[in-house]
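K.L.:
Those sequence lines, one after another, are chains A and B.
Okay, so the first sequence: first residue is 7 according to the working numbering, each after it adds one.
Okay, so the second sequence: first residue is 15 according to the working numbering, each after it adds one.
FYI, nobody ran anything at the bench for these hints, they're computed from the structure.
Built from N, CA and C at the ideal position, the CB exists for glycine as well.
Take the hints with a grain of salt, since some may be wrong.
Okay, the calculated bits of chain A under chain B, using three or more residues with CB under 8 Å as the criterion [as the list claims (entries may be wrong)]:
(1) 64-76
(2) 108-120
Below are the EDC-like pairs computed for lysine to aspartate or glutamate, each with C-alpha atoms no more than 16 Å apart in a straight line [unchecked claim]:
(3) A:Lys-64 - A:Glu-85
(4) B:Lys-34 - B:Glu-73
(5) B:Lys-80 - B:Glu-66
(6) B:Lys-55 - A:Glu-85
(7) A:Lys-43 - B:Asp-79
If you want the building blocks of each chain, they are given just below.
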Amino acid sequence: GENVEQHPSTLSVQEGDSAVIKCTYSDSASNYFPWYKQELGKRPQLIIDIRSNVGEKKDQRIAVTLNKTAKHFSPHITETQPEDSAVYFCAATPNSGGSNYKLTFGKGTLLTVNP
Amino acid sequence: GAVVSQHPSRVICKSGTSVKIECRSLDFQATTMFWYRQFPKQSLMLMATSNEGSKATYEQGVEKDKFLINHASLTLSTLTVTSAHPEDSSFYICSARESHLNTEAFFGQGTRLTVV
Chain A
7 GENVEQHPST LSVQEGDSAV IKCTYSDSAS NYFPWYKQEL GKRPQLIIDI
57 RSNVGEKKDQ RIAVTLNKTA KHFSPHITET QPEDSAVYFC AATPNSGGSN
107 YKLTFGKGTL LTVNP
Chain B
15 GAVVSQHPSR VICKSGTSVK IECRSLDFQA TTMFWYRQFP KQSLMLMATS
65 NEGSKATYEQ GVEKDKFLIN HASLTLSTLT VTSAHPEDSS FYICSARESH
115 LNTEAFFGQG TRLTVV
């Protein structure tokens with residue numbers, strides 16, 4: 007099955023700096039890669055997602071690049087703000103209807119943005 | 015985006031009792047729903063995939079007789095934790111997709127289960 011590795015596990019940045027997370031996946035059949043923000047006790051919130059036919063996607067301060075050959079993607083936040091502090095999860099889904107497109111999550115990155 | 019509602023948000027039960035958690039898709043039909051468990055400071059771990067009208071598919075290591083899943087309609091899936099023990103205390107979250115396409119998954123609010 008799919009395995010998603012995510013680094014770093016904790017990340018502390020100063021307000022205004024960028025936060026970059028690196029995610030790798032194992033299943034070359036995966037073609038959908040969402041990135042979630044989760045605040046304590048809350049549901050995961052989709053921040054950005056990318057498909058394997060696209061190399062980069064950007065939405066205001068959030069962007070993600072995908073290297074399908076190397077099987078890794080890198081979401082990042084620019085101009086970070088204290089309210090960006092949360093746990094962020096990378097995820098991957100194989101392009102197989104037989105798998106019901108189930109999501110496999112990385113172990114998460116605790117991001118702290120210091121004012 | 016689509017809305018998935020999960021109930022209850024918090025529940026405390028005694029050891030040995032059963033607890034039912036409901037997951038509803040409010041404005042779309044969800045052929046497939048997923049149930050996750052999340053322990054403190056850990057990631058979401060998939061427990062099972064629930065398909066409307068058929069038996070759930072459980073992940074390795076998840077006891078199907080302990081975690082009963084029913085997906086009787088296209089808008090409702092339930093997870094029943096039977097004979098709960100303190101080690102079952104966790105955050106349980108469901109998610110659903112709108113179609114058979116590989117698209118965004120929508121999550122319920124989660125249920126904080128505490129077994130005393």
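K.L.:
Given the hinted pair Lys-55 of chain B and Glu-85 of chain A, is their alpha-carbon gap at most 16 Å?
P.N.:
Not satisfied, since the Cα-Cα distance of roughly 26 Å exceeds 16 Å.
K.L.:
Check the hint pairing Lys-43 of chain A with Asp-79 of chain B against an upper bound of 16 Å on the C-alpha distance.
P.N.:
This hinted pair is violated, its Cα atoms lying about 32 Å apart.
K.L.:
Are 3 or more residues of the stretch 108-120 of chain A near chain B, judged by a Cβ distance of less than 8 Å?
P.N.:
Holds, because 7 residues of the stretch 108-120 of chain A bring their Cβ atoms closer than 8 Å to Cβ atoms of chain B.
K.L.:
Is the straight-line distance between the alpha-carbon of Lys-34 of chain B and that of Glu-73 of chain B 16 Å or less?
P.N.:
violated (20 Å)
K.L.:
With a cut-off of 8 Å between beta carbons, are at least three residues of the stretch 64-76 of chain A near chain B?
P.N.:
Result for this restraint: violated, n = 0.
K.L.:
What's the verdict on Lys-80 of chain B and Glu-66 of chain B, does the C-alpha distance respect the 16 Å limit or exceed it?
P.N.:
Judged against 16 Å, a Cα distance of about 20 Å means the pair is violated.
K.L.:
Is the straight-line distance between the alpha-carbon of Lys-64 of chain A and that of Glu-85 of chain A 16 Å or less?
P.N.:
holds (14 Å)
Comparing the model with each earlier hint shows violations of hints 1, 4, 5, 6, 7; every other hint is respected.
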